[in-house]
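**Student:** Based on the hints, put chain L in the right spot on chain G.
Quick note, the sequences are listed as chains G and L, same order.
Residue numbers are given in this note's numbering: position 135 of the first sequence equals residue 135, and the series is strictly consecutive.
Residue numbers are given in this note's numbering: position 131 of the second sequence equals residue 1131, and the series is strictly consecutive.
One should not assume that every hint holds.
[To be verified] From the derived model, a few chain G residues whose C-beta atoms are all more than 12 Å from chain L:
#1 Arg31
#2 Pro52
#3 Phe55
#4 Arg67
#5 Pro162
#6 Pro247
#7 Ala297
[Stated by the list, open to error] Derived list of chain G stretches under chain L, where covered just means 3 residues or more per stretch with a C-beta under 8 Å from a C-beta of chain L:
#8 69 to 77
#9 121 to 127
Since the hints were derived computationally from the structure, they do not count as laboratory data.
Quick caveat, the model's predicted, so the values are computed rather than measured.
Beta carbons are placed, not taken as given, at the ideal position from N, Cα and C, and that holds for glycine.
Protein chains: 2
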Amino acid sequence: MPAEWAPHAGCWMLWPQRRDTWRNGGKPAQRAFVEAAAQISRFERVTMGVNPDQFENARAMLPARVRVVELSNNDAWMRDTGPTFVANDAGVVRAVDWQFNAWGGLQKMVYFPWDLDELVPAKVAEIESLDRYQAPLVLEGGSIHVDGRGTLLATEQCLLHPNRNPERSKADIEQRLADYLGVSHIIWLPRGVYADETDGHIDNLCCFTGPGVVALTWTDDRGDPQYERSAEAFDRLSAAADAAGKPMQVHKIHQPDPMTMTEDEAAGLDVVDRAKHRPCGKRLAGSYINFYIANGAIIMPRFGDRRDEAAARKLAQLFPDREVIGIDSREILLGGGNLHCITQQQPAGAVP
Amino acid sequence: MPAEWAPHAGCWMLWPQRRDTWRNGGKPAQRAFVEAAAQISRFERVTMGVNPDQFENARAMLPARVRVVELSNNDAWMRDTGPTFVANDAGVVRAVDWQFNAWGGLQKMVYFPWDLDELVPAKVAEIESLDRYQAPLVLEGGSIHVDGRGTLLATEQCLLHPNRNPERSKADIEQRLADYLGVSHIIWLPRGVYADETDGHIDNLCCFTGPGVVALTWTDDRGDPQYERSAEAFDRLSAAADAAGKPMQVHKIHQPDPMTMTEDEAAGLDVVDRAKHRPCGKRLAGSYINFYIANGAIIMPRFGDRRDEAAARKLAQLFPDREVIGIDSREILLGGGNLHCITQQQPAGAVP
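Next up, chain G with everything else stripped away, as it sits in the complex (with noise of 0.2 Å):
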């Protein structure tokens, strides 16, 4: 799996419109969307997934530029649900499609079904004419960072929930990832962010900005409860070494302040049985952390915090070959993520 600095052909992205996740209809997660996929698209080719009820509207909203494909979805995190692309010695590109049960099936009911989300991968693969590996673990692309060098970045907390893969020990998830992504050395966080839906994914905790280097979310406030565990991660970091040997360098970059869902927000969601209740004073999981990184630029969440600037200044200084662009994300963070998990690098491939 190449790191995601490494060239892309292209970003692909799923449109938001369940009611129970996107509030007011969606409308204002679509344009949230739309401002990412515009940025994106001035430095790579963006392919936008729809549901068949929102293509029209996508492509109205969307620049032409974009490529709106019919893509059926549950929901709009292609991060989680989409295909993770590999690429042999010869710059063959294939899709690796995971088995997906919405970050911890029935017993954590995110929302079901998830059927649609589970052809996903298959379908880009498709478009895209690639071959496609099926791969027998349950695993969401933000739950792995890897550095294109054989180190793979995650979570205990994440990989090793019982809500994922109960069956199979430490020892095998970790052959797995070895298997199919081509990594030979794991760098286990114990926790991701605090009050995530994820269970602790990594692409909201802890990222490689570059061979050796890594980018931690970060907060000074001993008293909230991300404390604990950024540190713990520091110190995890501060003793490892990636698959070379080379000692991480760790640069932290200080959260937001605490943001919660607000009671008008909360207001303007569908509360279903079979989705998860998002209520009014939920602590949401922002963190500058979740960025997605395009070829030449860095796109990056703001949130209109008085922390937005030095997240911004920090990336900029990590990637100084890269526009840094800020997106308010606000309404992307009220669904659960960020512009991360809303994203899927596909690397450039040799031409066949």
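**Tutor:** Same frame as chain G, now just chain L:
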């Protein structure tokens, strides 16, 4: 618009499933479509568009080399609902998106609604990243044939039918065909094939097989209602010239013996108010003219009729450089069309 015999980038099809068109839940027709796709895909890339609920079934039934993409539709007639592809002198291919009213709108009521069909050209163009012209004319792809050199062949019965473009004069329609297809000369034949549900699509009656050469469905039986229709077409063609002023050479291909829908076949269909009833005993508009020209092959209908072999021999003479492949197509004919109706060629373009 290039001639159908010009090199193709590929072939588009749609998957049959509606229970009021295709008997026994579509299963026999699906097998016929699979056979057609399998044969065509030996010569050029085939993309099969499917409704979301048939993705897995179609993927499982089709050979791996056929690309299966989600493409919602009301029925499987890609020739009529799909785009017409055109190319400019630089080899840039674009899609023409005609208006579609399901072969005659509400007064005809082949089926209702046809909202998904109307979006097929846009979705095909999006997948291929092709620009698209929205043509202000109700027209189906099966109602026109071109020689790629400025000549268009059509029937007055269909193109001038008041259920298509009642507000437009013949001259107005001719102008629009000239504008969108780049044709300069139209050969009008009076009527299409007897019992054809399309109000006389040209593609079941007569087609170009080369510049200045056409094949025409024929019967020697003066008692058959088709006789008069073919004879009047023959007379028109014999007096006609193409855009270059060259007289037309006409090859007759004798039609299969008259066929009707059996009691058993009719019993396999849902009978619903919102679609045309297809009763037992209905005459089927069988014709060998409804073949598809693939790169290096002719994909032709077979009916298990005594005329099958003569038709195949004739097509082999007319296309000496192509392999002639017969498909048992009764199940497609039962739905109201044949191989040309379920395919749409995408011309090979310049590499951008």
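**Student:** All the hints need checking, so say for each whether the structure fits it.
**Tutor:** Going through the hints against the structure:
no. : hint       : verdict
1   : Arg31      : holds (21 Å)
2   : Pro52      : violated (4 Å)
3   : Phe55      : violated (6 Å)
4   : Arg67      : violated (6 Å)
5   : Pro162     : holds (29 Å)
6   : Pro247     : holds (45 Å)
7   : Ala297     : holds (21 Å)
8   : 69 to 77   : holds (count 4)
9   : 121 to 127 : holds (count 4)
In this structure, the hints that do not hold are numbers 2, 3, 4, in rising order.
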